[in-house]
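Listed in order, the protein sequences are those of chains A and B. Heads up, the first sequence is in the numbering used here, so the first residue is 1 and it goes up one at a time. Heads up, the second sequence is in the numbering used here, so the first residue is 1001 and it goes up one at a time.
A hint or two may mislead.
[Claimed, not checked] Straight line, CA to CA, 25 Å or less: simulated DSS-like cross-link-like pairs of lysine-lysine: (1) A:LYS93 - A:LYS25; (2) A:LYS93 - A:LYS209; (3) A:LYS166 - B:LYS1331; (4) B:LYS1388 - A:LYS81; (5) B:LYS1321 - A:LYS45; (6) A:LYS57 - B:LYS1338; (7) B:LYS1321 - A:LYS161.
None of these hints come from the bench; they were simulated from the model. Computed from a predicted model, the values in this text were never measured in an experiment.
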Amino acid sequence: KGGLAWSRAWVAMVAQTPVPENVLKKRKTQERLNAQKVAEAAEAKKAKIQKTRTIFKRAEAYVKEYRAQERQLVRLRREAKRTGNFFVEPEAKLLFVIRIRGINAMHPKTKKILQLLRLRQIHNGVFLKANKATINMLRKVEPYVAYGYPSLKTVRELIYKRGFGKSGPGKDRIPLADNTTIEEALGKHDILCIEDLIHEIYTVGPSFKEANNFLWPFKLSSPSGGFKQITTHFVEGGDAGNREQLINELISRMN
Amino acid sequence: PEHEDTQHLGIMAARPLVTLHDANGPTANTVPLPAVFTAPIRPDVVQFVHTCMAKNKRQAYAVNVNAGKQHSAESWGTGRAVSRIPRVQGGGTHAAGAGAFGNMCRGGRMFSPNKTFRKWHVKVNVSQRRYATASALAASAVPALVMARGHRIDEVEEVPLVVDDSVEAYTKTSVAIELLQKLGAKQDVDKCSASKKLRAGKGKMRNRRYTMRRGPLIIYKGGGKDAIERAFRNIPGVELCSVDRLNLLQLAPGGHLGRFCVWTQSAFGALDELFGTHEKKSEVKSGFSLPRPMMCNADLGRLINSDEVQSIVRPVRKPVKRSNLKKNPLKNFAAMEKLNPAAATAKRRALKKEALAKKAREETLKAKRAGTYAVPEKVKAEKKAAKKIGKQFFNAAIRGTDVI
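The whole structure should be built from the sequences, with the hints applied where relevant.
In C-alpha cells, the structure reads:
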C-alpha cells in the first residue's frame, strides 16, 4: 500500500538511525583483516608460481639425469667389451624390502630386527640403503622378507600410488597428494616436491635417511598371481630372500 | 518504564517506575519498582525448592501390614518336582498348594511393603526458600518469561501489573471480571476456562477429576477474605495470595518461573519492607537481604566485543587441513599435475616421440613391402663395428682353450 512513499520513508528512517558502535567497530576490524588476507593471498600466489617454476625445472633436469646415468652404464659396458676389459656392474645402493610372512611364532630377535626395519605388518615394504649393516640385518631376517634392487619405474610408481608421509605434530600418516606436505617435512634438505623425493630415494642421496624415514612403510596388496612358496628361499624356487632385479616384477604385482 | 528523579540520587540508585492501573485502564500515577524484581533469576534454585515444597502436602499411603502374610504356608522341600517356594496348606480350594509369601507369588506379599513412616515431607532451609521466592518474583516481572510460561498477556499494558487499592474493596465477581477485562487479563482467564478437561488417569476417581491451566495470581495486602477474595475467588484460573504469605508453589507453578501476577498498590509497596533493597536489609524477614547476582554485567555479547577483551584476543586459528580421499596420480592426470608440474610436458614429449617413431616405422614397412628399403649406411657401419668387437672378444676368450 503506497509503495513508493513507504519505501521513501524506509530509506529516510534507515539514513537517520545511528549505526551502533559495536557494528562500526566490527566493520573496521573486518576490513583490516580482509585487507591483510588479500595481501597475504597475493604474496602466496607469487611465491607459489616461483616454486612451481623451480619444481618444473628440477623435474626436467632429473629426466635428463636418469637417462644420462643409464646411457653412461651402457657406454661403459660397450667400452669394456671393446677394449677387452671387464665391466664390473655397480653394486646396488638401494634395496626394497617386503615382509612376506605374518607375525605369529617369531623369534624375538628376528621380530626386533623387523621392527627396526619398520616392517611390522605382512606385505609392508620399505626402501633401504645397502651397506654392510643393513645387509647383515637382512641376512638375519631372510626367511621373512623378499628384497631386491628396485628400478626407477618401480620407485616412481610406489611413491606416486602408495606414497604416504609422516606429517604434523602427531606424526600422522598423510597421503602425498600435495607437494606442500613434502616441503614442510623435508624442505630443509632441499626436497620440495615429489620428484625431488623420488630422486633422493632412487639415487640414495645425502638426505636419504630423512627422506626415507619421512615415507611411511608402503602397504602393498597381496601379489596378484600369488607367491611361489613363501617358506623357502628364492634360489630354491620359493620367495624369501634376495631376488635382485626380479623384485620389480613382484612389486608390480603387489602395487 | 521511566526512571525516578535522579537529582538527589546517584545514577545506580535510579529505579524504574511502574504505571498504576485502575478500573479505567492506566492512570498517570507511577510507583517505583521494588528491588526484589531485580534479584537474580535462578531457575535451578526455584526448581529445587519447588520440588521439595511440593512434597509437603502429601498424604501417607501404605499397604496393610498383614497383606499377603495371612497364610500358614510351608515349602514342600525338594524331591517333588516343584519349586521350593512356600505353598499354602490344606486342600479343597484353588489356593491350596499355591505359592505364597513371595513378591513373585500370586496373592503374596509385595516386595518391601510401603510404610507410613516413609519420609513424605522435605525440609528446606529458610534462606533457600526466601531466595527462591525472590527469584520467582523477579521472573514475574519479565514479560518474556511470563509469556514463555504460557500466560496470554498480549493485551496487558505493562508487566508487572499494579492496580490501585480500590480493588481490595471489591466484593462482586462481575465487577472483578470487568476489571480483568479492562486490564487485558481476561485473555489469560479465558485460556483457563477453555482448558478444563478430564484428567487422564486414576486421579479422576481420586477427587482430582478435572485439570485446568493456571491464570493470573492476584496479590493483595488489605481486603482479605471478606472483600477481594470474595470477588475473585470464583473466577476460573484466578488465584489470590496475600503479599505477607507469598507461596512459591503459586509464584512458580511446576517449578517453572514467570507466573502472571496482578498486584494491588499496597501489596506492591509492601515488597520493599518484606524483602529489603540492595541498600537495606529486610524489616520483616530477620537476617535476610536480597541475593546478589554473580555478574554485574551479564551481557556476554558486549563483554566479548569490548575493546579490553578484543585487544588481547589471539587471531582465529586456521582449521586443521584434513586429507581427502587420495587420488592415484598414475591414473588421475589432474592429481599428477598437482604433484609434478612437468608431467604435462613429459607426456606431450612422449606422445610426440611415439608419433614420430610410428611414422618412421610405417615408412620403412612401406618401403620394405615395395622392395625399395635400403638399410642406412650409418646403421650398417655400426653393426659392422660391433660385430668386429664381438669377434675380437670371442677370439681372446678362447685363446689357450680347446674350443675350435
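Against the structure, the hints come out as follows:
1. A:LYS93 - A:LYS25: 64 Å, violated
2. A:LYS93 - A:LYS209: Measuring from Cα to Cα gives roughly 13 Å; hence the hint holds.
3. A:LYS166 - B:LYS1331: 24 Å, holds
4. B:LYS1388 - A:LYS81: It holds: about 11 Å lies between the C-alpha atoms, which stays within 25 Å.
5. B:LYS1321 - A:LYS45: 19 Å, holds
6. A:LYS57 - B:LYS1338: Since the Cα atoms of A:LYS57 and B:LYS1338 sit roughly 15 Å apart, the hinted pair holds (cutoff 25 Å).
7. B:LYS1321 - A:LYS161: Holds, because 21 Å separates the two Cα atoms, which is no more than 25 Å.
Hint 1 alone, counting from the list given before, is not met by this structure.
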